[in-house]
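Protein chains: 2
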Amino acid sequence: MKAHNIIKPSKVFPFGRDLEGAVVTIVGVGLIGGSFALALKENGFAKKIIGVSRTEGSINKAKQLGIIEYALPLEEAVRQSDFIYVAIPVDVTIPVMKQIMNLVNDKQIVADAGSTKYALCKELTVHPMRKRFVATHPMWGTEYSGPEAAVRGAFNGRSCVICEKEKSDEDAVNVVENIYKKLGMHITYMDPQNHDLHAAYVSHISHITSFALANTVLEKEKEDEAIFELSGGGFESTVRLAKSSPATWAPIFMQNKENVLDVLNEHISQLRKFKSCLEKENMEYLKELMEHANKIKRIIK
Amino acid sequence: MKAHNIIKPSKVFPFGRDLEGAVVTIVGVGLIGGSFALALKENGFAKKIIGVSRTEGSINKAKQLGIIEYALPLEEAVRQSDFIYVAIPVDVTIPVMKQIMNLVNDKQIVADAGSTKYALCKELTVHPMRKRFVATHPMWGTEYSGPEAAVRGAFNGRSCVICEKEKSDEDAVNVVENIYKKLGMHITYMDPQNHDLHAAYVSHISHITSFALANTVLEKEKEDEAIFELSGGGFESTVRLAKSSPATWAPIFMQNKENVLDVLNEHISQLRKFKSCLEKENMEYLKELMEHANKIKRIIK
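Heads up: the sequence lines are chains A and B, in that order.
With my numbering, letter number 130 in the first sequence gets 1059, and the count goes up by one each step, no holes.
With my numbering, letter number 134 in the second sequence gets 1063, and the count goes up by one each step, no holes.
This is chain A alone, in the form it adopts within the complex:
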């Protein structure tokens, strides 16, 4: 046994598991980052919260709403922080994360909240500071965006996926898991490929169908009044996600394009089955398709 294995400290992060006394930077003060900052405050975590954003308007709004106390440029914020949480569109996450990882030392912790995990994890695999990073995806969101969309009590009761736990230092994982748990989240582990596959099947396709449904109805239904009057018939819940931010979701679909295309092709083929039933007036098979779909009750209460 080598000596340095024995003297390796079990805890490097010099603050408590609840971030007592720690300075936190939130990169991206929108729906997710903003809600995360509010949750930290609500739980009395962190000494102070610094916000980083490319958009001055967002920073001002986030300050106004009490989401952050200070605003700094990225580099300055990272240098002053003990814990850095990145919640920006997945296409900008990779370059920004590299910048951050080049700045951090082995006492700091970095986590992201991105909806895709494979590309980012792959990119950071060989980074010398990889162990200070924890790849996370809290499974919560709404169709709204920006600091105004941040809400108190978010995340509660939802799942949070952590990827490649084994590539992160134990103290870093412990702190991140502890915070998510305190926010009421259930931690689940997946490798990045599996995460992206399952996310495509369950979350990303829902967004695409919702966006496409909105476009379908906007194309066919020229009477806004009729949409409004008849929307009690189930339209609202199905189309809700179509209000989501293109800046957030377009990069997610693109980064997870292989999986999304795979499930999108299946979805089109499922719709074609319904089409064929109607064309052929095949009532029996139509009911069969719907009875099969009813099985989703088994999983979603």
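Please note: incorrect hints may appear among the correct ones.
It does not matter which identical chain is used: a pair holds within one copy or between any two.
In silico lysine-lysine, DSSO-like type, Cα no more than 27 Å apart, as pairs [stated by the list, open to error]:
| hint | residue 1 | residue 2 |
| --- | --- | --- |
| 1 | Lys1216 | Lys1172 |
| 2 | Lys1172 | Lys1209 |
| 3 | Lys1216 | Lys1051 |
| 4 | Lys1186 | Lys1202 |
| 5 | Lys1230 | Lys1216 |
| 6 | Lys1209 | Lys1036 |
The hints are simulated quantities; they were obtained by calculation from the structure and are not laboratory data.
Please read all numbers here as calculations on a predicted model, not as lab measurements.
Once you've looked at the hints, dock chain B against the given chain A.
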């Protein structure tokens, strides 16, 4: 001016607008009929409520839940009733409604709650008692079915479509409108063709996409656990309608097949646009499609 025009009574229905003292029959004591019966009771409307159902189990359940007080075969129930409300799958509505219309006199009122209106209205156009019938579609529902699905306070704040008002007697329309209004509904008028067209665009396509999405995910995602864990990502609201009853919805799609096919084709072509963007990595057009979909915010709050 002819004498019989002068003496024609303005009100034939011998009961109050709130059905004071009237006996009501509910044909189909499930989600809609059951909720309607509960609403009548809650508002102190109607003297007594009789239930009619082909299924003994439903009748017993409806009695047990206090939805109805009495159960009778259709013919007997209609003979004893002043107001008859039909809320059964649209494929059985036509034959049952003909049976009912052959029994009623000009002091009774009949209304239906079906999700399609064209086939039924067309079928009844030449019926000698057509004027005692009011064609309605209260735009409310949930993904559940049967008497157990009936809820108090349903309909409130939603729209109710009335078709071919001019083909119904004024007193019949007045009573029906008054009841729906008292339940908190906003009345809107459409001809049956337009109703079915708009319903296909707004309501029926939402159900088909939801059924197809459930089948897509059940086909691709073999891990129930993953669906459950990740469903926070928007899946639940998009797939909610896939739990709906095939017995209710298959006949709706089939009866409105021309309109449903029309909008379904458009929907598949909208999905293909997303597919093509991903295949060609056309981020600009992808964002454009999503920004267009965002316009639904204008209509659905």
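Verification of the hints:
1. Taking identical chains as interchangeable, the C-alpha atoms of Lys1216 and Lys1172 lie at most 27 Å apart only when they sit on different chains, with a minimum of 13 Å there against 31 Å within one chain.
2. Taking the shortest alpha-carbon separations for Lys1172 and Lys1209, only the inter-copy value of 24 Å comes in at or below 27 Å, while the best intra-copy value is 35 Å.
3. Taking the shortest Cα distances, Lys1216 and Lys1051 sit within 27 Å of each other only across copies (26 Å), while inside one copy they are farther apart (45 Å).
4. Taking the shortest alpha-carbon separations for Lys1186 and Lys1202, both the intra-copy value of 24 Å and the inter-copy value of 14 Å come in at or below 27 Å.
5. In this homomeric assembly, Lys1230 and Lys1216 come within 27 Å of each other (Cα to Cα) only inside a single copy, at 22 Å, whereas the closest approach across copies is 33 Å.
6. Within a single copy, Lys1209 and Lys1036 get their C-alpha atoms no closer than 66 Å, and across copies no closer than 43 Å, so neither meets the 27 Å cut-off.
Comparing the model with each numbered hint stated earlier shows that hint 6 is the single one that does not hold.
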